[in-house]
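Using the sequences provided together with the hints, build the complete structure.
Same order as they appear, the protein sequences are chains H and G.
So in this note's numbering, spot 197 of the first sequence is number 197, and the numbers just go up one at a time.
So in this note's numbering, spot 209 of the second sequence is number 1209, and the numbers just go up one at a time.
Simulated from the structure, these hints should not be mistaken for laboratory data.
Watch out, some of these pointers could steer you wrong.
Not the full set, but computed from the structure, chain G residues with beta-carbon under 10 Å of chain H [to be verified]:
#1 1039
#2 1045
#3 1072
#4 1078
#5 1104
#6 1155
#7 1212
#8 1268
#9 1288
In the PhoX-like style, the derived pairs of lysine-lysine whose C-alpha atoms are separated by at most 25 Å in a straight line are [said to hold, decoys possible]:
#10 H/129 to G/1023
#11 H/127 to G/1023
#12 G/1117 to H/191
#13 G/1028 to H/127
#14 H/191 to G/1027
#15 H/131 to G/1028
Where is the CB? At the ideal position from N, CA and C, for every residue including glycine.
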Amino acid sequence: MEKIGIVQTKHRKTGRLLSKRTGGERAVFTVVFVLFLLYSVSLILPFLWMIMNSFKAHTEFVMDQAAGKTLGFPDVWRLVNYINAFKQINYIGITFPVMLLNSCYYVFIGGGISVFFQAVTGYVISKYKFKAGPVIYAIAIFCMTLPIIGNMAAEMKVRAQLGLLDNLAAVIFTSMSSFGYNFLMMHAFFKTISWDYAEAVFIDGGGHFTVFFRIMLPMAMPLMTTLFILSAIGIWNDYQTPMLYFPSSPGVATGMQLAAFEMLRKAKTVYYAALVISCLPVLILFAAFADTIMKNYTIGGLKG
Amino acid sequence: MTTVQENSSSVSSQAFAKKCRRKALLKKHAFIWTMLAGPIVCWFIFYLYTNLNMIVMAFQTPKGAWTWQNFVSFWDNLSATDGSLRIAVWNTFLYFLLANAVILPIGTLIAYFLYKKVAGYKFFRVAIFLPSIIPGVVMVTVFKETISPVGPLGKTGWIPALGFLGQDSTATPTVLFYTFWTGFSSIMLLMSGTMARIPTEVMEAAKLDGCGPFREFRSLVIPLIFSTLTTQLIFGLTGLFSSSGPILLMTGGAHKTTTLSYWIFENVYGSTGATAADAYNIVSATGLVFTVILFPIILLVRFLVNKVDMVEY
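Laid out in structure tokens, this is it:
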């Protein structure tokens, strides 16, 4: 107990040692603090402006704009724009709630399947010795660092040939090709896990699937959660993929982009309210998992 | 008699062991290939077959006849003074410079000060990461509204009548500024994650030897995070051509703001009906040319990077 106490005191001292700053250092850190503060405010302030104006009536906002007073608070804080967002945002007959549902589909089906298969490929390649394993790994690294530019047209053609253009089932298939960046992270993770767990299961008569689903997958959950959250944010915000490959099923980002021109002209404040709503899921997701994301996200060098 | 029995039992036990091993091997391979089947089939279709298709399309007319015409059209567009491809290539180069010569070093510095726990670092970490969380369509709308002639800064007299995005001379610098303004989030996250893994003993030893923050950053932190920095450089190089950034949301490519990846997107998305197939072939030829140019550059960068001794810890 006493020993632990000594270690803790030592740690406290060394911790203090690192945070101790000389006069010059303190000046540098103060300047940096001011710069960071200005930068952060510049990122946040425009949002507050948008949120504030999303509570104004359209006519009130137009009048404020003419008078150069859009920085002022609304006369009355109206929630009606938030209700109207669900009714008025519409692109080729697709309403805002449908866009939200489409985005959920892309996030949960696309993101879920891809993270699962990244774990599968990372696990199999790092834990099993078989002849094709190193070849697959080398090909994955090669494809990742040497991208093919301009294959968008070819992909459109291939998807059309396979009947996967504008077909939501395509999300399932495309999410399965999982030899990207996250594959490397899963691969590195499973490398650190001992094979003794698997041996124990084999002795108890369990098979390879039991090892993977009952032992390995639960251990990989924190990393898989991080990868899922990050890809979920990416998919939610991606406007380009649905625009190209699923034109009849735009998600929120695509739908908002396509509806922007008309809405900004007709009902700006309703559009602002819809923008605020479209931020909420990703903001909540990030707030809930911020610590997990910040801790688990790092990459090493690319060897080979 | 007993020897014969023993022999026959050892033979049968060997055969049994062999059978067991074969069964185990079979089970192992059944597992491996069941798990990998989906990803491999998808890789063959969406990577190999798609990219082979692109190469073939580059040398074909929309009707499938062999031709060099796509490359001729590519060259004509690139060599014309106001050709859209020429503008796209120049702008792509500007974004490349911005990402690697400005955002990467400043982002690393930001990560360093957050790692050194500058006052309010927890708040700054979240605030600086916001552009990665908030949808691009929201970020861009907010930015455009802020700098619009009728926006909150409209009455200051700083905004030109046509808006910064409404004239050739200021449109690209404005989009570059936006990219800079929102560009630090992923570098910051990646680098602070990497720095957090540096053993504290190393930093403490340096501190006891009287090492100041600049020396510490230059001589300790940079070498220790070098492998992540170089990986980021390579991904930055490859990512430059695959994501079209905020161009569509900002200007839709107007006012000479197009980039190579946006040019590709625009030609694929914007082409419908009879012209679609034609555009597909020119896009494929253009992509092929730039892939062939980028290929040796990336190999060279990777070769040089691998020559540097990385510190493992």
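Right, here's what the structure says about each hint:
1. A least Cβ separation of about 5 Å between residue 1039 of chain G and chain H falls short of the 10 Å threshold, and the interface hint therefore holds.
2. This hint holds: residue 1045 of chain G has a C-beta 7 Å from the nearest C-beta of chain H, less than the 10 Å allowed.
3. Hint status for residue 1072 of chain G: violated, given a least beta-carbon distance of 17 Å to chain H, over 10 Å.
4. With its C-beta approaching chain H no nearer than about 14 Å, residue 1078 of chain G sits outside the 10 Å limit, and its interface hint is violated.
5. Evaluation of the residue 1104 of chain G hint against chain H yields a violated restraint, the C-beta minimum of about 14 Å exceeding 10 Å.
6. Hint on residue 1155 of chain G holds. Least Cβ distance to chain H is approximately 4 Å, under the 10 Å limit.
7. For residue 1212 of chain G, the suggested interface contact is upheld, since its CB lies about 7 Å from the closest CB of chain H, less than 10 Å.
8. Checking residue 1268 of chain G against chain H by beta carbon gives a least distance of about 5 Å; that is within 10 Å, so the hint holds.
9. This hint holds: residue 1288 of chain G has a C-beta 7 Å from the nearest C-beta of chain H, less than the 10 Å allowed.
10. Only pairs whose Cα atoms come within 25 Å are accepted, and residue 129 of chain H paired with residue 1023 of chain G is accepted, the gap being roughly 16 Å.
11. As the CA atoms of residue 127 of chain H and residue 1023 of chain G are separated by approximately 19 Å, the hinted pair is consistent with the 25 Å bound.
12. Of the pairs offered as hints, the one joining residue 1117 of chain G and residue 191 of chain H is violated, with about 32 Å between alpha carbons and a cut-off of 25 Å exceeded.
13. Taking the CA atoms of residue 1028 of chain G and residue 127 of chain H, the gap is near 11 Å; set against the 25 Å cutoff, the hint holds.
14. Proposed proximity of residue 191 of chain H and residue 1027 of chain G is supported: the alpha carbons are some 22 Å apart, at most 25 Å.
15. Taking the CA atoms of residue 131 of chain H and residue 1028 of chain G, the gap is about 13 Å. The hint holds against a cut of 25 Å.
Figure legend: structure checked against the earlier numbered hints; hints not met, in rising order: 3, 4, 5 and 12.
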